[in-house]
Structure formats: C-alpha cells, structure tokens
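Q: Hey, can you work out the whole structure from these sequences and the hints?
2 protein chains.
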Amino acid sequence: MDIAHLEQLAKLIRYFILISTSAAQSGHPTSSLSAVELMTALYFGGILKFDLDQPDNPHNDRVIFSKGHASPLMYALYAAAGKVSQAELLTLRQFDSPLEGHPSMRFPYTEATTGSLGQGLGIGVGVALNAKYLDHSPSITYVLLGDSEMAEGANYEAMELAHHYQLNNLVGIIDVNRLGQRGETMAGEDLLWHARKAKAFGWQTFVIEDGHDFNQILSVLEEIRRSTIHGVRPSMIVAGTKKGRGVSLWEDQENWHSKQLNEQQLATALQEVGAFDKNLKGIISSPEKSSPFTTLSADSSHQAQPATPDYSQPTTTKLAAAQGVVKAMSTHDRLVVLDAEVSNSTHFDLAQKAFPDRFFEMFIAEQNMVGVATGLSSRGKIPVVSTFAAFLTRAHDQIRMSQYAETNIKFFGSYAGVSLGKDGFSQMGLEDIALFRSMLNTTVLQPADAVSAYHLAQTAINQPGNVYLRTVREPTPLLYELDETFEVGGSKTLKHSSADKVTVIAAGITVHEALKAYGELLRQGISIRVIDLYSLKPIDHHTLERASIETQALITVEDHFPEGGIGEAVRSALPYCQVPIYSLAVSKTPRSGLPQELLAYEEIDAAAIVKKVKEIVR
Amino acid sequence: MDIAHLEQLAKLIRYFILISTSAAQSGHPTSSLSAVELMTALYFGGILKFDLDQPDNPHNDRVIFSKGHASPLMYALYAAAGKVSQAELLTLRQFDSPLEGHPSMRFPYTEATTGSLGQGLGIGVGVALNAKYLDHSPSITYVLLGDSEMAEGANYEAMELAHHYQLNNLVGIIDVNRLGQRGETMAGEDLLWHARKAKAFGWQTFVIEDGHDFNQILSVLEEIRRSTIHGVRPSMIVAGTKKGRGVSLWEDQENWHSKQLNEQQLATALQEVGAFDKNLKGIISSPEKSSPFTTLSADSSHQAQPATPDYSQPTTTKLAAAQGVVKAMSTHDRLVVLDAEVSNSTHFDLAQKAFPDRFFEMFIAEQNMVGVATGLSSRGKIPVVSTFAAFLTRAHDQIRMSQYAETNIKFFGSYAGVSLGKDGFSQMGLEDIALFRSMLNTTVLQPADAVSAYHLAQTAINQPGNVYLRTVREPTPLLYELDETFEVGGSKTLKHSSADKVTVIAAGITVHEALKAYGELLRQGISIRVIDLYSLKPIDHHTLERASIETQALITVEDHFPEGGIGEAVRSALPYCQVPIYSLAVSKTPRSGLPQELLAYEEIDAAAIVKKVKEIVR
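Going down the list, the protein sequences come from chains A and B. 6 is the number of the first residue of the first sequence in my numbering; add one for each residue after it. 6 is the number of the first residue of the second sequence in my numbering; add one for each residue after it.
Everything labelled a hint here was simulated from the structure, so no lab data went into it. Some clues are possibly wrong.
Note: identical chains are not told apart, hence a pair may lie in one copy or across any two.
[To be verified] BS3-like, lysine-lysine: derived pairs with alpha carbons at most 30 Å apart:
id, residue 1, residue 2
1, Lys264, Lys593
2, Lys88, Lys593
3, Lys286, Lys497
4, Lys358, Lys264
5, Lys137, Lys358
6, Lys358, Lys283
7, Lys88, Lys286
8, Lys283, Lys617
9, Lys88, Lys294
10, Lys521, Lys286
11, Lys619, Lys500
12, Lys264, Lys294
A: Encoded structure:
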C-alpha cells in the first residue's frame with residue numbers, strides 16, 4: 006500500500022471535516038479528526054471490501070460508526086470515495102440534507118443509525134452473526150467505537166455474545182482519544198485498560214500505540230484480515246489517538262467537544278492540514294464475486310409445516326404466540342428468533358427445536374438482543390425478539406433507536422401484567438404498552454385467547470415494520486374458532502345488543518374479566534357491550550366511536566398502568582367523544598399473590614367492572 | 006469460627022428454603038440452595054456487621070441480593086437469625102405476606118428491591134459510595150450475584166465505576182452454579198472466565214473452587230475484611246457451587262429452575278438435608294459503636310447561598326434548572342448530583358463547582374447511574390440524576406424498579422424534544438414524558454421559562470418521591486416574575502378572557518408557540534386561552550375542566566410523541582369532557598435542522614396552532 010497516497014487522502018478528509026462542520030457551525034470535528042487515519046486506512050488501504058454501486062451486496066464488508074457523532078468523518082470518507090460532492094458536504098446538518106448530525110437512513114451508506122452511544126457493537130454483532138450463520142458470506146463487520154462510550158455496559162454484552170458465537174468476522178476499533186465531552190474518560194490514555202477488558206472477554210486484542218501512523222494501522226488491519234479467516238475469535242483494536250488531531254488549537258485539548266472554528270481559525274487549521282490535490286479519489290476494493298454465498302432459504306426451509314395446534318383446553322397466549330411464530334418460520338425463511346434466556350418460559354424453545362439454525366440464544370442481555378435484532382434487520386432478516394414484557398424496558402433506548410433505523414423487528418413480550426401472580430412486581434410488564442405505543446410506525450397487538458394469539462403472531466410477522474405483541478402467563482379459555490381472522494387495526498365485539506347501557510373495552514386477560522362481568526350484569530338485568538381491542542395501535546376508531554354513540558359510557562379495563570395504555574389509546578381515538586370514558590387500570594404497587602387476588606386488588610377484575618357499570622347505570 | 010455450627014445452620018437454612026417453597030409451590034429453591042454456604046458464612050461466620058434491631062444504623066454492613074429470585078434464602082437467613090418465624094416462612098408468596106417472590110420493601114430487611122437481574126451491583130455501588138464518601142462509615146456492602154445475570158452489561162458499568170471511585174468497601178460474590186433457567190450459562194462452570202473479567206475491570210479477585218466449603222469461603226471473606234480496610238480496590242469473589250445443592254433430585258441438574266418438590270420428594274429431600282436442631286439460632290455480629298462516623302452536614306453545607314440568578318436575557322430552562330438544584334444544595338445537605346458525562350451541556354458542572362463533595366461523575370453509563378441513585382436513596386440521600394432526556398430511556402428498567410424501591414430520586418432530563426435541532430433524532434427525548442408518567446407515585450414537571458425552571462427544580466427536590474423534570478436546549482424568553490410560585494399539580498393561565506373561543510394547552514417550548522399563536526389570532530380577531538401546564542403529573546384538573554366548559558375546544562401542543570404525553574394526560578384528566586380535545590404532537594421522524602424548522606415540520610409551532618384554531622372557529 007502506498008502510504009504517501011493515504012496521507013494525501015487523510016489531508017483531503019480532514020479538509021472535508023473542517024469545511025463541513027465550519028459551514029454547519031455545529032457538529033463534532035474533534036471527535037472526527039481523531040479517527041481519520043484509522044478509517045482512511047480501513048476504507049482506502051485495501052482492507053475494506055465494499056461495492057459502492059451495490060451497497061446491498063451481501064458480500065460487502067460493513068462499517069458501523071458506533072461513535073455516531075463522528076458522522077462528519079463518515080461523510081468525508083464517502084466524499085473522498087467520490088460519492089458525496091463538496092457542495093453536498095457544505096449542507097451538513099441542514100434540514101433538507103441527508104447529512105444529518107448523526108447517521109440516519111436518509112444517507113444511503115449508513116449501516117446503522119447511531120448517536121445514542123454504546124449501541125454500535127451490538128448492531129455489529131447482529132450483522133456479523135448474519136454473515137456467518139445465515140448468509141454464509143465472507144463479509145467482515147467493522148465497528149468504530151469511542152473510548153468514552155466504552156463505559157456503556159451494552160458493549161460488554163456484545164463482546165460476550167460475539168465471543169460465544171465465535172464471530173471471527175467482527176472487528177471493533179476503539180479510538181482512544183482520551184477525552185470525553187467534559188474531560189478525561191475513566192481510562193484516560195491507558196490503552197491497556199481497554200485491551201485487558203477486551204482480552205478478558207475472549208477477544209483477539211491488538212494495540213496500536215499511534216493511531217495516526219498508517220504503517221501501524223495497516224499492519225494490524227492486515228493481520229486481522231489474514232487471521233480472521235481461520236480463527237474463531239472476534240478482534241478488538243485499541244488505538245491511541247489525539248482528539249482534534251491536525252488542528253493545533255484543538256489537538257488533545259479539553260473543552261472543544263462539539264465546538265467550531267471561526268473563519269480565521271479555519272484558515273489557520275487548513276494551513277496546518279497542508280497542501281493536497283482536491284481531485285484525489287480514494288478507491289475502496291470490491292468484494293470478490295466468486296466468494297461463497299448461500300442463501301438462507303437453501304438451508305432451513307425444508308421443514309414440514311407444523312401441525313395446527315389443538316386449543317380445546319385453556320391455553321396461554323404466550324404458548325399460542327410462540328406456536329404462531331413457529332408456523333410462520335416454516336414459510337418465511339428470513340424469520341429468525343432471539344431469546345433472552347427465557348425460552349422455556351416463553352415457549353420459544355419450540356422455535357429452537359423446529360428451526361435450530363434460525364434460533365439464537367442471546368442470554369440475559371436485552372439491550373444487546375435488540376442491537377442484534379437491529380443488525381439482522383439491516384441485513385434483510387425478520388428478527389423476533391422474545392423475553393418477558395417487563396424486561397423489554399431494559400432495551401428501551403435500543404428500541405427507540407430501532408424506530409429510526411426503520412427496522413422490521415417483532416417484539417414478543419410475555420408474562421405481562423399483574424396476572425403473572427406470585428413472582429411479584431419485578432417480573433410484571435405494566436408499562437410496555439406505553440413504551441411501544443410511543444414509538445413511530447409501530448404496531449401494538451394484545452391477543453386475549455390462544456386462537457387470536459396464534460393468528461396475530463403470524464400477522465405480526467407479515468405486518469411491515471416494528472410490531473409489539475403482548476401475551477400473558479395465565480391460561481385463558483378460547484374466545485374464537487380457529488378460522489376467525491384478525492386484521493391489524495381491528496377489534497372484536499364479543500357481546501352486543503340494542504339494549505347495551507355501557508361498553509367495556511378490554512384486551513388480553515381483562516377481556517375474560519369483562520365477559521364474567523357481562524354474565525353477572527345480565528343476571529341483574531343490565532346489558533353491556535364487550536369489545537376485545539386486540540389491536541392497540543392502530544386502533545379501531547369506527548367500532549369505538551359507534552360504541553360511544555350507542556351506549557352511555559365507555560369503560561376501559563387493562564392489566565397495565567393507566568398512563569400510555571389502553572385507556573389513553575381509546576381516549577385519543579375519540580377526540581370528539583360525547584360520553585364519559587372511564588379507565589380501570591393498575592394503580593397500586595402490585596405484589597406477589599394469586600392472579601385473581603391481584604386482579605381484584607388492582608380493581609381490574611369482573612367485580613370492579615360490575616361495580617363501575619352499576620355506578621354509571623344506577 | 007466453629008465450622009460445625011455453621012454446617013448445622015446451613016441445614017436449618019436448607020430446611021427453611023425447602024419448606025417455604027414447597028408450601029408456596031412456587032419460587033426458586035434451586036437458585037437459593039447453591040448460595041447457602043456463601044451466605045451462611047457471611048451472615049453467621051463473624052463477617053457481617055449488622056445490628057438487627059437497628060437496620061438503619063449507618064455503621065451496618067449491607068447485603069444486596071442481586072439474584073433476587075434467591076429470596077427464599079434471604080428469608081431463611083433472617084429466620085435463622087430469629088427475625089422471621091417458621092409460620093411466617095410458610096406464607097411465602099401469599100398475597101398478605103411480606104415474603105414476596107422477589108425482595109420488596111414490605112420485608113423490613115430488604116436492602117434493594119431486585120428481581121430484574123443485573124441491577125444489584127449498581128445499587129451496591131451507590132450504597133458503598135455513600136458509606137465511603139458521604140457517611141464516612143466503615144460499612145461494607147456485599148452483593149450476591151448470579152452467574153447468569155453476569156451477562157447483563159449493567160454489571161460492567163458498575164464494576165468500572167467502583168474501580169474508578171476506589172470502592173474498597175464493596176464486595177461482589179458471584180454464585181457460579183453453572184445453570185441459568187433454560188440451560189448452561191455462557192461460561193458454564195468456568196470460574197476463571199468470571200475472574201478474568203473482574204480482574205480486567207481492576208477488581209481484587211478471589212476464586213473459591215468449592216463454594217460449599219466453609220473453610221474456603223471464610224478464608225476469603227476474612228482476607229477481604231482485612232485487606233479492604235487498607236486497600237483501594239473493590240473485591241470480587243467467584244465461587245463454584247451446585248444449583249439445587251443438597252437435594253439429589255436437583256443438584257447440578259437442568260430443567261429444575263423455579264420448580265418445586267411434591268410431598269414425597271420433599272420428605273426425601275429433608276432426609277438428605279439430615280438432622281439438625283430446629284432451635285438453633287445464627288448470630289450476626291453488630292458493628293462497633295466506636296467506629297468513626299461523620300454526618301454529611303459536617304462536611305459540605307458550609308457554602309454561602311448562591312446569588313439569585315439574573316434571567317433578564319432569554320435563558321435556557323436547562324441552565325435555570327441546574328441553578329435551582331445548586332440553590333437547593335446549599336440548604337439540603339443530603340442532596341447529591343450524578344452526571345452521565347454531559348455536565349458541561351446540562352450545566353450541572355455548576356453543582357460540581359459549588360459542592361464538589363456531593364457531585365459524582367457517572368460517565369456514559371445511565372443504567373448504573375440510576376442504580377447508584379437507588380443505592381444512595383436507600384441510605385437517605387436525595388440523588389439528582391442528570392443527562393439528556395433521550396438517554397434516560399437507557400435506564401428505563403432501573404427507573405421501573407426504583408418506583409418499587411420507594412426511592413426519592415430527582416430525574417433531570419434536558420435537551421428534550423425536536424427543538425434540540427441540528428444533532429438530530431438520536432439526541433431528542435420524545436418519549437420521556439410517557440416513560441415517567443407511567444411510573445407509580447412519580448411527579449412529572451416541565452417548565453417553560455427560566456423562572457419556572459429555577460423554582461420547579463427546587464420544588465422537585467422538596468417533593469417526596471421520584472420526580473421527573475424536563476428541560477430544553479433553546480433559550481426562551483421570561484414568562485414570570487422571580488417571585489411567582491409554582492405548586493405541584495398547578496398550572497398557569499397566561500392568556501384568558503371571556504371571549505376565548507379555544508384553549509391551547511402547552512408545556513415547555515410549545516408554550517412560547519402558543520403565545521405567538523395567541524398574538525397572531527388576536528390580530529385576526531380570535532381570542533384564545535393559553536395554559537402553561539407545567540405540572541403534567543399530578544395535573545390541574547380544575548383549570549382544565551373550566552377551560553373545557555368555557556371554550557369550544559381544547560388543543561394540546563407538545564414537543565413529544567402523541568402517546569403518553571401531554572395530549573393523553575389532558576384527555577385522562579377530563580373523562581367527562583364535552584368538547585373536542587385535539588392534540589398537536591411530534592408524529593413524523595425528526596431530523597437535523599434548525600429548531601424552528603423542526604417545530605414547523607412537526608406541526609407544533611405557532612402556525613400549526615393558528616391553523617388548527619381556525620379550523621375549529623371558522
């Protein structure tokens with residue numbers, strides 16, 4: 006490799022970083038400058054294999070900027086490669102520009118929407134897992150990490166899992182520029198602190214003392230490319246760099262994070278960068294077309310169709326939902342299941358038994374599980390993420406970022422609500438509907454019986470984008486025949502007459518309480534309407550509005566906290582509602598006990614519904 | 006120490022575990038049995054210093070069961086110490102029993118409400134930080150960890166910070182029983198895998214090959230007690246154990262997690278435990294009364310009162326809120342500030358400058374930050390947790406558990422909403438109101454100007470329980486005089502006349518948009534009411550209801566996603582509302598841009614309000 010050429014390219018890239026952030030008067034030039042040589046060597050030093058004209062080529066290597074605030078460097082690299090013009094660079098961070106403050110899907114070469122730190126490595130694990138086990142591609146995944154973000158625990162979840170799955174095709178690069186946004190990181194310039202940790206997690210670890218020396222960088226990157234082909238361990242590069250490298254005002258200085266140069270300072274800085282040819286172009290090697298590549302479908306869709314389950318006995322929605330996913334796996338060869346070490350409770354061990362090649366154990370590390378799902382989704386897979394509803398809160402930030410990555414993830418949260426019983430509050434998902442309803446372009450479903458769970462699980466797979474499906478631990482009697490159909494955005498009116506005084510709207514376990522209340526009230530001569538609102542987002546406006554016109558009041562009943570749940574979903578669906586909307590929801594600290602005791606304590610059981618109806622109707 | 010006595014006690018404790026979980030026909034006996042010797046040695050082997058009659062004595066050592074599902078062991082230990090009767094043990098997991106499935110505050114000796122795995126070590130860091138730096142107590146904090154939960158990244162955040170703060174008074178004990186709930190952990194029985202990681206994080210590390218051998222256990226615990234007094238490093242014990250130890254049906258066997266014995270199996274198991282004296286009592290040593298102990302107030306409340314800030318120029322709510330906290334710190338000596346490496350953005354560096362002894366840098370590790378806050382709160386401190394609103398989602402599970410721990414944490418989320426501008430969606434808190442509104446007993450506040458931010462920050466400190474205060478990056482003009490008062494549950498009606506056609510309800514940045522719309526509409530001859538709804542939970546029902554009676558419609562305007570936010574809070578406050586409630590909220594994927602461009606794009610600016618009002622009034 007021609008080092009002099011790389012040095013010229015590094016000047017061009019520094020120039021791009023400085024002019025774009027100065028034009029924006031915003032952004033993170035100092036964090037970008039520290040990694041210029043690391044990324045220039047990777048992209049243009051013959052290491053990276055990427056076909057710029059076919060970004061979706063599964064043979065392409067992948068580069069994830071986990072330190073997403075170094076986006077000016079990312080854009081500069083693609084500018085040096087000829088894919089972004091200088092004029093475009095000057096639109097950095099403007100409203101109409103795809104060059105956002107942190108990488109977004111509006112820029113065509115973004116591999117991962119980052120910016121919330123400590124998420125890139127988990128996404129990288131997903132991408133590398135996909136290449137190794139699903140696409141069987143020689144693609145290597147590189148993740149650029151900041152030293153400050155190594156304080157985030159999600160990195161260690163990712164490291165552990167990458168070791169477990171022997172992801173020799175995953176390379177982390179920690180840009181140790183010593184400085185976080187407000188001062189030194191915990192480790193300062195101690196490269197060995199980072200290296201010791203990576204080594205203890207079983208990674209092949211390389212230290213580059215001077216992360217601005219192309220010879221040192223290339224020597225390590227080339228060694229990894231040689232060794233990764235045959236090894237079983239992921240690689241971590243720990244590189245010593247200087248924040249703001251190349252600009253004397255900034256270099257290795259505190260208090261310049263996310264700050265810009267004025268016009269005169271920019272002129273000085275550009276002088277310091279030195280002379281170079283602005284028409285220089287960096288060449289990224291393309292992947293070899295002949296490299297082995299088998300599609301997923303060749304491997305794992307030869308299974309027989311699973312038999313239709315028998316739901317004649319009371320069955321849990323969690324079991325039926327898992328069975329629905331297994332059914333869908335037999336026809337969707339891109340469907341992959343991730344489990345956070347609870348598959349024997351959630352019944353997703355059925356997926357493991359039926360399709361072992363498409364089941365991945367994520368252990369108890371929910372953040373990384375969602376990161377992996379995001380990575381898998383970015384490579385065209387449909388990941389199912391399964392754990393207890395309560396523990397999806399652990400990955401809220403990763404779920405939040407996935408909405409912006411336009412992923413196609415199916416979240417299955419089981420053991421929701423106080424009906425979980427004896428295990429107590431720590432295991433009860435009571436804020437999960439609020440969490441998922443607040444996500445853009447996300448579908449939220451909650452089946453009330455085994456048949457609807459079985460069908461809605463399959464609907465979730467087919468529905469584009471992120472979907473949340475909520476199930477419970479308690480077995481429930483059947484409400485529907487197996488040939489019933491369930492549309493996203495629909496509902497089922499289970500009890501209905503022209504004499505209905507009040508409408509009770511429920512979902513999941515509370516549908517059964519509503520039906521018990523219906524029976525009791527009927528005995529007392531009061532007729533109520535009962536709606537199974539299995540689709541919480543989108544919601545069945547029409548049926549709700551009709552109920553609000555035809556009955557005197559609406560009562561929502563949910564095994565969830567009041568805020569952001571079914572009550573508020575119904576209220577938001579009916580901005581013009583002329584009748585009162587009452588909400589029965591979990592509003593006291595729950596505890597261990599029997600499901601029925603807890604439903605009664607929280608006043609979301611049949612007795613509470615009966616009481617409320619009689620207050621209204623009396 | 007009399008090992009034979011400890012062995013007898015271990016039999017008693019095994020007996021208690023078996024009879025309680027058999028009576029409950031629920032719970033985690035196998036996970037409890039593996040740690041019997043570890044905990045018996047700690048509690049009754051002369052190691053732990055704890056005054057059972059004064060649980061709040063600051064000299065007491067603390068034991069946190071991070072593997073909260075081992076609660077049957079915890080209750081058995083206090084039974085062996087004479088503080089729980091056998092009859093009480095048999096109420097395990099019953100609705101009225103304080104012996105819940107996972108430790109809750111209803112049991113008087115619970116140090117931390119756990120059950121969501123991987124949270125105990127962070128809480129332990131908070132407790133140890135408190136003892137070392139605030140209470141100046143010789144108290145040692147022990148955290149019992151499961152090997153499965155070591156997959157959670159939050160543990161590594163905690164390890165890193167404990168090393169950074171040289172918490173020689175913190176001892177982790179990993180109970181390596183090899184088996185998770187569905188099979189082997191990633192590390193299996195490899196003790197050195199766990200030990201290498203702890204060592205790489207700078208912990209003094211001890212391996213106990215046989216975690217059922219009292220001699221081995223005591224030797225390590227005693228060595229730590231000797232060394233911790235003089236050292237600067239936290240200690241990690243890695244102990245090899247057998248899941249289900251002492252019951253041949255279970256011991257080291259898979260598929261018995263959370264499963265129970267039938268009557269005959271119980272009889273056999275109790276025979277295996279062997280004979281012992283049921284009247285045996287374990288003695289826990291008390292702390293020495295003479296140990297040094299200085300209260301916090303002696304150290305750090307001698308500061309002069311900060312001057313009242315000057316808000317004559319447009320000021321950000323984030324700055325004023327930080328100034329309000331600094332003001333409160335001068336009178337509340339138990340107020341402590343935690344920062345996730347953004348103090349120069351959030352202005353909480355002011356707290357660091359004014360009260361360096363009560364400011365702790367948590368680096369970029371939000372989960373651990375909330376864990377530390379939970380630990381500090383459990384020891385009577387008032388922790389302020391500060392980062393960007395968006396990144397509080399990272400700690401959602403820890404926040405969720407804190408509501409059950411009855412903590413007194415003040416969450417300050419800054420840089421909320423799309424008004425953040427050029428940095429783009431990754432930094433924008435748009436689901437934070439939904440997150441905090443869904444928490445029990447939690448107050449949610451959002452000031453619209455510097456004066457209200459300054460006052461509400463102080464109100465947040467004085468308000469019992471968890472509080473969330475939301476601020477933004479954009480400077481805003483003043484709305485209030487400095488002597489204005491702001492009650493929790495109140496609101497301010499900024500514009501009001503008998504001619505009001507529509508009421509616009511806003512909070513934070515959107516209040517200013519509502520006021521601009523007011524001016525524009527007034528010029529067009531349309532009068533609107535404008536309410537600054539700074540208290541989102543609890544909410545000012547009275548003012549909202551009055552507006553719904555006196556005007557034709559309500560419009561909520563929020564820089565937040567529609568679900569769980571201000572719109573839904575207002576709708577839930579008005580179940581009988583007879584006029585339409587419209588909601589303007591963020592509903593498109595945001596991006597980088599100028600604040601005003603983004604407010605316009607999301608249709609939450611003055612123009613969007615004017616348009617909506619005119620649709621209604623026309």
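Q: Should Lys358 paired with Lys264 be assigned to within, between, both, or neither, using CA atoms and 30 Å as the limit?
A: Close across copies (22 Å), not inside one copy (54 Å); limit 30 Å.
Q: Checking an output row: Lys286 and Lys497, CA cutoff 30 Å. Within, between, both or neither?
A: Answer is neither; intra-copy 61 Å and inter-copy 60 Å both fail.
Q: At most 30 Å between CA atoms: does that hold for Lys264 and Lys593 within a copy, between copies, both, or neither?
A: Cα proximity of Lys264 and Lys593: across copies only (29 Å, versus 48 Å in one copy).
Q: Pop the pair Lys264 and Lys294 into one bin, within, between, both or neither, using alpha-carbon distances up to 30 Å.
A: neither (44 Å within a copy, 54 Å between copies)
Q: At 30 Å max between alpha carbons, let me know whether Lys358 reaches Lys283 within a copy, between copies, both or neither.
A: neither (58 Å within a copy, 47 Å between copies)
Q: First find the shortest C-alpha distance between Lys88 and Lys286 inside one copy, then the shortest across copies, and answer within, between, both or neither for a cut-off of 30 Å.
A: Result: close within a single copy only, 10 Å intra versus 76 Å inter.
Q: Treating 30 Å as the Cα threshold, decide for Lys88 and Lys294: within, between, both or neither.
A: within (22 Å within a copy, 72 Å between copies)
Q: First find the shortest C-alpha distance between Lys88 and Lys593 inside one copy, then the shortest across copies, and answer within, between, both or neither for a cut-off of 30 Å.
A: between (57 Å within a copy, 28 Å between copies)
Q: Using 30 Å as the alpha-carbon threshold, which applies to Lys283 and Lys617: within, between, both, or neither?
A: This pair counts as neither: shortest intra-copy Cα distance 75 Å, inter-copy 51 Å.
Q: Could you place Lys619 and Lys500 in one of the four classes (within, between, both, neither) given a Cα distance threshold of 30 Å?
A: Only inside one copy: Lys619 and Lys500 sit 18 Å apart there, 41 Å across copies, limit 30 Å.
Q: Give the relationship of Lys137 and Lys358 under a CA distance limit of 30 Å: within one copy only, between copies only, both, or neither.
A: within (21 Å within a copy, 51 Å between copies)
Q: Please work out whether the CA atoms of Lys521 and Lys286 approach to 30 Å or closer within one copy, between two copies, in both situations, or in neither?
A: neither (73 Å within a copy, 50 Å between copies)
Hints 3, 6, 8, 10 and 12, counting from the list given before, are not met by this structure.
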